[in-house]
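**Student:** Both chains are given apart, each in its own frame, so use the hints to dock them into the complex.
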Amino acid sequence: MSASYTSVGWNRAKKAYDTTIATGLVVYLLFFLGIGLAVHPEATIETLLIRALALAAFLMLHVILSIGPVCRMNPKYLPLLYNRRHLGVTMFLVALAHAVFAIVQFHALGNANPLVSLLTSGAGFQTFGAAALVLFFFMAATSHDFWLANLGPRFWKTLHMGVYFAYALIVVHVALGALHAEAHPVLAIATGAGMAWLLALHVVAAFRERAGDRDTRRAEDGWIDAGLVDSMEDGRARIVCAGERIAVFRYDGKLSAVSNVCRHQNGPLGEGRVIDGCITCPWHGYQYLPGNGRSPAPFTEKVATYDVRVVGGRVYVNPQAHEPGTNVEPAHA
Amino acid sequence: MNFDVVHGALYALAIYLAIGSIVAVPFLIFGIGRIDPAAKAAPLTFRALVLPGVVAMWPLMLQRWLMSGRTR
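Chains as they are written, first to last, in numbering that gives the first Met the number 0: chain C, 0 to 332; chain Z, 0 to 71.
Check before you lean on any hint, since a few could be wrong.
Quick list of in silico lysine to any residue cross-link-like pairs, SDA-like style, CA-CA up to 25 Å [as the list claims (entries may be wrong)]:
id	chain 1	residue 1	chain 2	residue 2
1	C	K156	Z	R46
2	C	K301	Z	S67
3	C	K156	Z	A47
4	C	K301	C	H143
5	C	K156	Z	V5
From the derived model, a few chain Z residues whose C-beta atoms are all more than 10 Å from chain C [what the hints assert, rightly or not]:
id	residue
6	F2
7	A11
8	I14
9	Y15
10	A17
11	I18
12	S20
13	I21
14	V24
15	I28
16	A55
17	W57
18	P58
19	L61
20	L65
21	G68
These aren't lab readings, by the way, just hints derived from the structure by calculation. Yeah, the Cβ is synthetic: ideal placement off N, Cα and C, and Gly gets one too.
The shape of chain Z in the complex, shown without the other chains (with noise of 0.2 Å):
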């Protein structure tokens, strides 16, 4: 593979995951419970365990949490 395309595409992964890392943590305290209402008591362990998944899928998790807003 190609050095440049390879060193662009982890150097565009790791601000993804970057961003996702900042989404993920107001999406956990807050967000997470508005989305679905189960979630809503839920411990710190659960949050720890669904974190990985929030990193990597935030743009949905996020839209997910603005749709929740908008539908209330």
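Excised from the complex, chain C in its bound form (with noise of 0.2 Å):
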């Protein structure tokens, strides 16, 4: 949250996702370049290492794009999505050092400046590559709290979504460059697979999300039936829908709304729970207090609050929002 900003907020959670991902991409690499000698003992070590790392890169962007989706099927998956953007970024200099490797390898010989003949070269899947490259550079270097606070949600969000176009162009990189070379059909269906994955994780967690949405109903005055208090789960919330997302918590025989997107990184506040008296984001753990929807001081976060109403054991929402931050009498649950 945005006291005062640190390099990396490090507790124990990141230092095992980041070391996860380390001894991962290095027990990787060192199985990659094993098989790769015994199989081709004719291959360069600079050509295996390319290879190695543009497969690596591919498959840490397929994780990454995973991880939203299968979060919002199943909440147990949370904590890959806690730390995604440390896998982002090294997903980053993975792709950077392939890109280096093989700058070096096909384009650094020549008279020409390398970068010129990357371009002019005729061979148009690098031009794919390298324009992915820039995009993820781009998300890498914003990564960082700072410039979601400086650049504005809407259009951090925005650029990082740009992780979507950068895959298509990578799909392109390789379509045109390894499986335009290869003979063998693994790497064409792996990728395929890999496509039709994500897509459709994607579509099953867009169409669960909108048969939630679907189940809102409304009373007479227009304010939205969140159903039962006794149905609901104490320090949890439930999701209603009014156009935005409403997240109304029940806590200490109190109920509150507010709205479901996290200043943060809109991360879904009704999943997150009620913990010290505080909502708190399942993303990165942003908090705010329930009753106002600011964040505690010396934070400065605000979120939209909601009127809440308990009828014959029914909860109700108003779905006019307050200004962000503004005080609203919990209803007693």
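**Tutor:** Here it is as structure tokens:
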């Protein structure tokens, strides 16, 4: 949260996450190089490294793109989302290493500037890869919360949604490059399977969310019926939809409603819990007081709040949002 | 792609990044705390981490810095 920035807010979970990424990457590279040298003893280390790094970055990109929909379908995978940015930055560094080795191997030995040679060689697949790498750079370079705060959540989110465009560029890069050169169909099948996996995950997650939104019912005066009080778990929320999603929390015998969208990275507040009296975003732990939607001091984030009432054991929410940070008297559960 | 066009574009990019590198130094020492108070007391490692983004987006950061001076 934004009292004062640090480079990385290290904690045990982040250290474990990053150790897993680094260890996995090193083991993978050693494994790939070992197998590669055994199967293709004529291949140079540089060539094997170019291929190993390319495949590692491509696989990591698939994992990164899978994390969002997987977490929407099953919250038990949320720890994967918690530090996804570090995975993204690592993926960029791996892709950059792949690009540097490839440029040195294929473009640095002539008289021309290697970058000029890269872009004028007539091998179009390299241009697609370079364009994707530029996008990955901007996403990695702006991954710190400083950029989120200073570029604004909308622009920042739009920039980072560019990962899907970058993925499309990479698929073209792979199709015109590696798949074009490789006679064996396994790579083409694996690439197609990866695309099908990502498409299916996103479609299923979107359908599930839409189905949840359609269940929203309204009272005659337009207030949204959030269901029976007794069916709501203490410390948890029910998400209702009124154009915007609203999270209705039950806590300490009270009910309060806030916007479902965290100010940090648009995380789903309603999938979080009330911890130490604060609504806690499941993505990165940003906190808000349920009664006024404000982050506890010294933090300054605010989300919109909504009026809540209980009639006949049912919870109703006024879909008219108050200004972010507005104090609203909680309803009694 | 045309050789001269690519050569010219890369030359322009190099100049852009060189200016960004020059702007980034005073910005990360003095300017960043002006546009965002949460960065005022931030450690050197934080400034190093945002350096690539500042170099890449220096016109935007410079504009913010200049605007922060006017609104005081």
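**Student:** Does each hint hold? Answer for all of them.
**Tutor:** So, going through the hints one by one against the coordinates:
The straight-line distance between the Cα atoms of K156/C and R46/Z is roughly 22 Å, inside the 25 Å bound, and the hint therefore holds. Of the pairs offered as hints, the one joining K301/C and S67/Z holds, with about 23 Å between alpha carbons and a cut-off of 25 Å not exceeded. Note on K156/C and A47/Z: the hinted pairing holds, with a Cα-Cα distance of about 23 Å set against a maximum of 25 Å. Under the criterion of a C-alpha separation no larger than 25 Å, the hint pairing K301/C with H143/C is consistent with the structure, at around 20 Å.
Pair hint K156/C plus V5/Z does not hold up; C-alpha atoms about 31 Å apart against a cutoff of 25 Å. Not every beta carbon of chain C lies more than 10 Å from that of F2/Z, the smallest distance being close to 5 Å; the non-interface claim is violated. A cut-off of 10 Å between C-beta atoms confirms that A11/Z is not in contact with chain C; the least separation is 13 Å. With a cut of 10 Å on Cβ distances, I14/Z stays outside the contact zone with chain C, its closest approach being about 14 Å.
Look at Y15/Z: its CB is around 13 Å from the nearest CB on chain C, clear of 10 Å, so calling it non-interface holds up. With a minimum CB-CB distance of about 15 Å to chain C, A17/Z clears the 10 Å threshold, and the non-interface call stands. No Cβ of chain C approaches the Cβ of I18/Z within 10 Å, the least distance being about 17 Å, so the stated non-interface status holds. Listed as a non-interface residue, S20/Z keeps its Cβ farther than 10 Å from every Cβ of chain C; the least gap is roughly 14 Å.
The non-interface label for I21/Z is consistent with chain C: the shortest C-beta to C-beta separation is roughly 18 Å, beyond 10 Å. No beta-carbon of chain C is positioned within 10 Å of the beta-carbon of V24/Z; the least distance is around 17 Å. Non-interface call for I28/Z relative to chain C: holds, since the shortest CB-CB distance, roughly 15 Å, exceeds 10 Å. In this structure A55/Z is not separated from chain C by more than 10 Å, as the shortest Cβ-Cβ distance comes to only about 6 Å.
The Cβ of W57/Z lies farther than 10 Å from every Cβ of chain C, with a closest approach of about 12 Å, so its non-interface assignment holds. At the 10 Å boundary, the C-beta of P58/Z stays outside the reach of chain C, the nearest C-beta of that chain being 13 Å off. Distance check on L61/Z: its Cβ is at least 13 Å (rounded) from any Cβ of chain C, clearing the 10 Å threshold; non-interface status holds. No Cβ of chain C comes within 10 Å of the Cβ of L65/Z; the nearest lies about 15 Å off, and the non-interface call holds.
With a least CB separation of 16 Å from chain C, G68/Z remains clear of the 10 Å interface cut-off, as annotated.
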